[in-house]
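Enquirer: Read off the chains here:
2 protein chains.
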Amino acid sequence: MKDLAHLQTPAFLVDRNIVEQNCARMREKARASGVAFRPHVKTHKTIEIGRMQHGGGSGPITVSTLAEAEFFAGAGFRDITYAVPIAPDKLERAAALARRVERLNILIDSDAALQAIERSGFRFDVFLKVDCGYHRAGVDPDSDGSIVLARKIAQSPAVRFNGILTHAGHSYDVRGLDEIRAVAHEEGACLTRFREKLGMNVIRSVGSTPTMSVVDRVENADEMRPGNYVFYDAFQAAIGSCSRDDVAVSVLATVIGSYPDRGQAVLDSGALALSKDLGRGPIDGKNSYGIVCDLELRPLPMRLVALSQEHGKVEAANPPPVGTKVRILPNHSCLTAAMFDVYHVIERRDIVAEWRPCRGW
Amino acid sequence: MKDLAHLQTPAFLVDRNIVEQNCARMREKARASGVAFRPHVKTHKTIEIGRMQHGGGSGPITVSTLAEAEFFAGAGFRDITYAVPIAPDKLERAAALARRVERLNILIDSDAALQAIERSGFRFDVFLKVDCGYHRAGVDPDSDGSIVLARKIAQSPAVRFNGILTHAGHSYDVRGLDEIRAVAHEEGACLTRFREKLGMNVIRSVGSTPTMSVVDRVENADEMRPGNYVFYDAFQAAIGSCSRDDVAVSVLATVIGSYPDRGQAVLDSGALALSKDLGRGPIDGKNSYGIVCDLELRPLPMRLVALSQEHGKVEAANPPPVGTKVRILPNHSCLTAAMFDVYHVIERRDIVAEWRPCRGW
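Protein sequences appear in the order of chains Y and S.
By the working numbering, the letter at position 346 of the first sequence is numbered 346, and the numbering carries on one by one without gaps.
By the working numbering, the letter at position 341 of the second sequence is numbered 341, and the numbering carries on one by one without gaps.
For the record, the hints were derived by calculation from the structure and aren't laboratory data.
There's no promise every hint is true.
What the hints assert, rightly or not - Derived, one-sided and incomplete: chain Y residues facing chain S with beta-carbon distance under 10 Å: (1) T9; (2) I86; (3) D109; (4) A116; (5) D131; (6) G133; (7) D140; (8) I147; (9) V148; (10) D277; (11) A316; (12) A317; (13) P321; (14) C334; (15) D341.
A virtual CB, placed ideally from N, CA and C, is assigned to each residue, including glycine.
Based on the provided sequences and hints, a complete structural model is requested.
Expert: Next up, the structure:
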């Protein structure tokens, strides 16, 4: 069995046992809460982990691109929610896919999108996107106009109105368990409030990894869609969604420059290996693009302060010598994973498999 | 001919005429300055533009990964500098490539790397990396230890000592032509000073797009290696390396959510299409992940304030309706280009070709 230290760097390492454990814990939370489980696959984009999320076989999933939807449909996943508001000129491609699977739910939040669907000539399964406070996409759950739109969707012969869906992305901006729990409460509560005003028994779909991770039980919802939890990352550990031991992925890198005189080193993992996501942002006025660890994942006294395309600049009182291998826990695993065409799957330090994610749109 | 407005979004658009013009201008500057031209290919990573950089055929190039070196070698490029300090365990792969081409220069900046080469059993062509003020990689040109190391490299029978190389990456941190020109002066001057102390007639290799763009004539150097200039980007235009009309690339995106009540819109181009590079950083306290333009590249009164994986959040007094297509000039074209497996090449608004960049390491 090949030891991870012999991989060419940069390499993206996925610890299979930790992924399995993260998957099992979230699946069990859905079961114990009595809500349907439709995990997001956008973080990993692999068939292998899509199946792990469902304990082995295929099952309902959530995707962020039509390319993911087609990729997973090709591997036998037949109940898919495309959870980004659809662009009108993607409807034709979505219809072609919908004909191949049992169900493809698409997302809208405007009359313009409803009209585009009505013009498409295909009867889509539709969710209405609701804004639970993140203020990215979605209709205001407390405005009368949103009720008008929901009724219009429900009455349109051109669609099947399956439910209302929200994403508490602002759970990433709060700190600590109590604040995340407050966001989690509003995530379900706003859908429940909206559904009562609407007076229709549609599905309430919720999902963000921080909210789903910290609550003991998912309430006020019929379905949950977390995604990042399969890997977690340095950011999720920092805000309290997980412990550092739950982080399943790391980037293996090599020290290619060591400068004791100026307390610096350079790694061969830059922005194209890690992504430039700053996670929580500067700490003590300095950036950190991940947590630099040794091969056993023990944190080292170093800070990854700058990334250029293929260089990662480290500050360290005692920089390690050229050739040293390190592992970096990424700030944001979704973006880091997407930089790699292949994942190296490990058990302890052994490379046991290679998985290839879906790419593009 | 297909109009760009009909592409599925997000799509990466490359304006062939602007690339040709950027390539011709830099090539002419090298010729007029009497310095050898070894352009960097890391920004575009395509054979097509690699040839354009040399006016049609192949020629000397600079790369940032061994994957690029192998990709271009496979297309007939036979004189390659791998301009990132080499990790010792990449020497075997580098030697295999070096045997296939006329010359593969590798970069070192430490005795540890020299010793690794000596142990490798292959006689490499070597450049010594010098730090001209960027403080990322490289030896201090004014320290005696650097002279000792250079002499050791020169005297080692295990290598051919071909030159000294620097990259003025700190030209990205300054503002305005005068400050960039001062960095450009020191870029060549420090190599010249170092070479005089060394007393050897080795090549002085310089190169960063800001410095090479703003000087009328490249001085104190024997070779230049700019790369970003083929595309330029919003950042280069902001610091004065180019005009906005010289930016050859844009990301085509679609408005998928429009929220006039809160002065916002959402695009289907997020962090996986644009990268999270902030360019010059927040302006007036707010982020901007590129310049949002209409299809004719006229800037729109909008700011791209936040990116999540597949959503770009825009602030605009009058957000455009769902379905509107926009073009985004990226902050950092090197990182944005690397997010795409295919480039859509345009002339005016016509799609005329598809090019596929090299990926990975």
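Enquirer: For every hint, state whether the structure bears it out.
Expert: Status of the hints after comparison with the structure:
no. : hint : in the structure
1   : T9   : 7 Å, holds
2   : I86  : 7 Å, holds
3   : D109 : 6 Å, holds
4   : A116 : 7 Å, holds
5   : D131 : 9 Å, holds
6   : G133 : 12 Å, violated
7   : D140 : 8 Å, holds
8   : I147 : 15 Å, violated
9   : V148 : 14 Å, violated
10  : D277 : 5 Å, holds
11  : A316 : 14 Å, violated
12  : A317 : 16 Å, violated
13  : P321 : 6 Å, holds
14  : C334 : 5 Å, holds
15  : D341 : 5 Å, holds
Violation of the numbered hints given earlier is confined to hints 6, 8, 9, 11, 12; the remaining hints are satisfied by the structure.
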